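Asks: Sequences listed follow chains A and L, in order.
Everything in the first sequence is counted per numbering that gives the first Met the number 0, starting at 0 for the first residue and increasing by one.
Everything in the second sequence is counted per numbering that gives the first Met the number 0, starting at 0 for the first residue and increasing by one.
These are calculated hints, taken from the structure and not from any lab test.
This structure is a prediction, so every number in the text was calculated from the model and none was measured.
Watch out, some of these pointers could steer you wrong.
[Stated by the list, open to error] Covered stretches of chain L, going by a simulated chain A footprint (3 or more residues, C-beta under 8 Å):
hint: 1; stretch: 144-153
hint: 2; stretch: 191-198
hint: 3; stretch: 266-276
[What the hints assert, rightly or not] Simulated DEER-style distance windows between Cβ atoms:
hint: 4; chain 1: A; residue 1: E275; chain 2: L; residue 2: T58; range: 39 to 49 Å
hint: 5; chain 1: A; residue 1: K285; chain 2: L; residue 2: E208; range: 30 to 40 Å
hint: 6; chain 1: A; residue 1: Q211; chain 2: L; residue 2: F151; range: 20 to 30 Å
hint: 7; chain 1: A; residue 1: A38; chain 2: L; residue 2: E177; range: 51 to 61 Å
hint: 8; chain 1: L; residue 1: F151; chain 2: A; residue 2: E275; range: 26 to 36 Å
hint: 9; chain 1: A; residue 1: R175; chain 2: L; residue 2: D245; range: 49 to 59 Å
hint: 10; chain 1: A; residue 1: V1; chain 2: L; residue 2: G270; range: 40 to 50 Å
hint: 11; chain 1: L; residue 1: T155; chain 2: A; residue 2: G270; range: 29 to 39 Å
hint: 12; chain 1: A; residue 1: E177; chain 2: L; residue 2: G252; range: 36 to 46 Å
hint: 13; chain 1: A; residue 1: R266; chain 2: L; residue 2: R164; range: 38 to 48 Å
[Unchecked claim] Calculated from the model, a selection of chain L residues having no Cβ within reach of chain A, i.e. all distances over 12 Å:
hint: 14; residue: R43
hint: 15; residue: Q44
hint: 16; residue: A61
hint: 17; residue: H88
hint: 18; residue: H163
hint: 19; residue: G168
hint: 20; residue: A230
hint: 21; residue: D238
Each residue gets a CB set at the ideal place from its N, CA and C atoms; glycine is no exception.
There are 2 protein chains.
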Amino acid sequence: MVERIFERLTVIGLGLIGTSVVRAARAAGQVGHIVVTDADPTVRQRVRELDIADVVAETSEAAVQDADAVVLCVPVGESGRVVATVAPHLKQGAILSDVGSVKVAVIEAVLPHLPAQACFVPAHPVAGTEFSGPDAGFAELFQDRWCILTPFERSTEAGTDAMHRLWEGFGARVERMEPRHHDMVLAITSHVPHLIAYNIVGTAAHLEEVTQTEVMKFSAGGFRDFTRIAASDPTMWRDVFLNNKDAVLEMLGRFTEDLSALQRMVRYGDGDGLFELFTRTRAIRKGIIAQGQETAAVDFGRRVGPEVSKKDV
Amino acid sequence: MVERIFERLTVIGLGLIGTSVVRAARAAGQVGHIVVTDADPTVRQRVRELDIADVVAETSEAAVQDADAVVLCVPVGESGRVVATVAPHLKQGAILSDVGSVKVAVIEAVLPHLPAQACFVPAHPVAGTEFSGPDAGFAELFQDRWCILTPFERSTEAGTDAMHRLWEGFGARVERMEPRHHDMVLAITSHVPHLIAYNIVGTAAHLEEVTQTEVMKFSAGGFRDFTRIAASDPTMWRDVFLNNKDAVLEMLGRFTEDLSALQRMVRYGDGDGLFELFTRTRAIRKGIIAQGQETAAVDFGRRVGPEVSKKDV
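Same shape as in the complex, but just chain A (with noise of 0.2 Å):
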């Protein structure tokens, strides 16, 4: 017996992340009826046309009509001028909730547009992968991954615990944290590695001894890896850097230091320096695996290998 959470959801944006709550939501059972929109009328068209939600409105502020709960999707630049739209046109009581990768600026960004009754639950679910729109979303994506919720002042234990089992029901772990720590711990697991995996591939396509067609040639020696993520979505990821910049410049900070040291341990040879980094760096990969994060398939399963065995994970 599924338990019904919301009789009427509400799904902004309607990229990778937006139609996959939709399909997630629906393949749940958890949620009576969805109403989406977004503000691209092909995005609008398409999503019809995939018939995955009751309702596609022509607007925001239409599709908020009643809705016991508003999930944003929405790249988080766009929080603060979305809500301030919807916000007059919001139920009673309703909740509203995100996706936004970053919080501190996106509480921030929505709070001068929440009316005064409403509830604000802050979310971020930690999954995604290198495509783009609504073709893109599945309802597994969130299956065994974790969503973070980061409630605050203006988020009723009510609120906050609906949302917790609304994820829970699209298979999604839920862990609680503060808003800024959250920002610092997504620095280092998330945006500062799609940093430095832009950064090598842009260096990659600027090289004059190297041309473009060998980078790409004999990518699998490990750059190809980059690639994947340095596909991601452009506009999401240039909104993450913009309002998550103290966290992300404290975290590059690190790295750079770090890299300035290993950069002097190649310079002078240092094989024992390099060889305890690299063991201690294998370590870390056991404990995703082992933290059910990560695949143990070889190459992450692109190719035919052996079987793999406990010791060698």
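Since chain A is already given, all that's left is putting chain L on it; use the hints.
Replies: The following block gives chain L in isolation, referenced to the frame of chain A:
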């Protein structure tokens, strides 16, 4: 009808690459008799149990007796020492080759020990996984991957052709390149990506504000992709950095220059600059997928996902 390229092939060093060469050679049926050895007695024992070679010799001197071709599959720092050991025992006309990720330093290390008549064909199959040891190898590892040959004045045309055909028989595509150019290409497509991955995984392991458990739990946001290559064999990679220092430092210099510019964009909130870079980097991935060096499957096929339409890749 398979072409018999060598009557007797010797492989020295029985890790991921060495045992994959052995398995591929047997699967392809291009060699008559396969003799192997490894400096580590437990590895030799394991390879006997795996029963992938005709003879597991106790020493490299014994292993190379009567061999038509000898392929070194040892960490690049060992190349000179191994050749010094086996040189007096090489058959007249034997072809020597290797699989090292670095070519100039290997040639320099091997050259002083190379017998007057011997032919040395440096080779580098651009393939691998994050696993090490004799159990990690598999015959299909080189399928559709590139193998770069870097013939130089001590490589005969006949020897180079034989190695070319051997690697093609393993399913690889073969390219010939200047040794120095190889080292520059691989510095950007493989060595610097590994260095950066090792570095960020190391940085993440040493934060006070963020626990290791948090790093592991929330790694699906991007970080985990880096951990795969930061789990690669520490000995092999230490030797790569010690032996391709100049090219690695050169490419790392470009990377850090670009990173400083990117850091400034974040600091100054240059959204247009960020968006422009993030859009540009998408094209490189499309090229890699078009080159057949990567899968277009969502998330490396880690999870169940939608079909990927042509327009998305």
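Asks: Are the hints correct? Go through all of them and say.
Replies: Hint by hint, here is what the structure shows:
no., hint, verdict
1, 144-153, "holds (count 3)"
2, 191-198, "holds (count 8)"
3, 266-276, "holds (count 6)"
4, E275(A) - T58(L): 39 to 49 Å, "violated (31 Å)"
5, K285(A) - E208(L): 30 to 40 Å, "violated (23 Å)"
6, Q211(A) - F151(L): 20 to 30 Å, "holds (26 Å)"
7, A38(A) - E177(L): 51 to 61 Å, "holds (53 Å)"
8, F151(L) - E275(A): 26 to 36 Å, "holds (34 Å)"
9, R175(A) - D245(L): 49 to 59 Å, "holds (50 Å)"
10, V1(A) - G270(L): 40 to 50 Å, "holds (42 Å)"
11, T155(L) - G270(A): 29 to 39 Å, "holds (34 Å)"
12, E177(A) - G252(L): 36 to 46 Å, "holds (39 Å)"
13, R266(A) - R164(L): 38 to 48 Å, "holds (40 Å)"
14, R43, "holds (18 Å)"
15, Q44, "holds (15 Å)"
16, A61, "holds (28 Å)"
17, H88, "holds (29 Å)"
18, H163, "holds (16 Å)"
19, G168, "holds (18 Å)"
20, A230, "violated (4 Å)"
21, D238, "violated (8 Å)"
Hint violations for this structure: numbers 4, 5, 20, 21, all remaining hints satisfied.
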